[in-house]
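There are 2 protein chains.
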Amino acid sequence: MIVAHLKPPYYAVIFTTIIEDNSKEYKKTAERMEHLAKAQDGFLGVESARSDIGITVSYWKSLEAIQHWKHHVEHSEARALGKEKWYKQYQLRICKVEREYGFKKK
Amino acid sequence: MIVAHLKPPYYAVIFTTIIEDNSKEYKKTAERMEHLAKAQDGFLGVESARSDIGITVSYWKSLEAIQHWKHHVEHSEARALGKEKWYKQYQLRICKVEREYGFKKK
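Line order of the protein sequences matches chains A and B.
Per my numbering, residue 20 is the first one in the first sequence, and the count goes up by one each step.
Per my numbering, residue 20 is the first one in the second sequence, and the count goes up by one each step.
You may find that some hints are simply not true.
As the list makes no split between identical chains, a pair holds if one copy fits it or if it spans any two.
Said to hold, decoys possible - Straight-line distance between alpha carbons at most 27 Å, and here's what the computed DSS-like set of lysine-lysine pairs gives:
| id | residue 1 | residue 2 |
| --- | --- | --- |
| 1 | K104 | K123 |
| 2 | K46 | K125 |
| 3 | K125 | K57 |
| 4 | K124 | K104 |
Simulated from the structure, these hints should not be mistaken for lab results.
Keep in mind the model is a prediction, meaning the values are calculated, not measured.
This is chain A alone, in the form it adopts within the complex (with noise of 0.2 Å):
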C-alpha cells in the first residue's frame, strides 16, 4: 500500500535490508514489528517492498517518535536477534519529509 495522505513535514526511517535467513521464524518477527510499530504513539504509515534487497520506509510524526520506538524493549530484542540470525547488512537512515508529490490515475 501507498501512503499518500500526509502533509510535510514529517520523519521518515530508510530501513534498507539484505537478508541471509529467510525463514519463518524472521517473517514471524518482521510482522510482529510491523504490527507493534503501527501501534506506537507518533506512527503515521509504512511501505514495504522485496526483491533482492528488502526496502521499508516508515513514516512517523517526530523524531521523538522514532527515538521511542527504538527504545521499544520488544523491538530492540528483534534488533538482537535480526543482527545475530536474519541480516547480512543492513542500512538505517532516518529523514525529515520536506516535499511530497502524488499521482493517482483515474
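The hints should help you fit chain B onto chain A, whose structure is shown.
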C-alpha cells in the same frame, strides 16, 4: 545493492509506485532513467525493490541536484509517458537525510 558509504546530511527521493502496465517499454524506460540519473551531477546512489509496490530511493548531494534531474528533458518526457501509460499511482517524497546507521555481518 545497498548504498552504505554516504555521510549525512544529504537528500533522498523516495519514489513509491503501483504499476498497471509492467511492459517491456516500461522496463526499458526505467532502466534508461536509472542510467541517466547516475550520470547527473550530485547523484550519490540508488536502491530499488519491487513486490506489491515498487520503492526506489535515490540519493543526492543537494536539492538543486534533485531539481536539475526533475527538469532533465528526457526525464520529463518519461514522466509524462509514465502517467499516461504505466503508473496507476505513485508518491514522490523529497527528504533530508539527517542520521544513518549501518550493519554488515563479518
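*Can you name, in rising order, the numbers of the hints this structure does not satisfy?*
As far as the earlier hints go, only 3 is violated by this structure.
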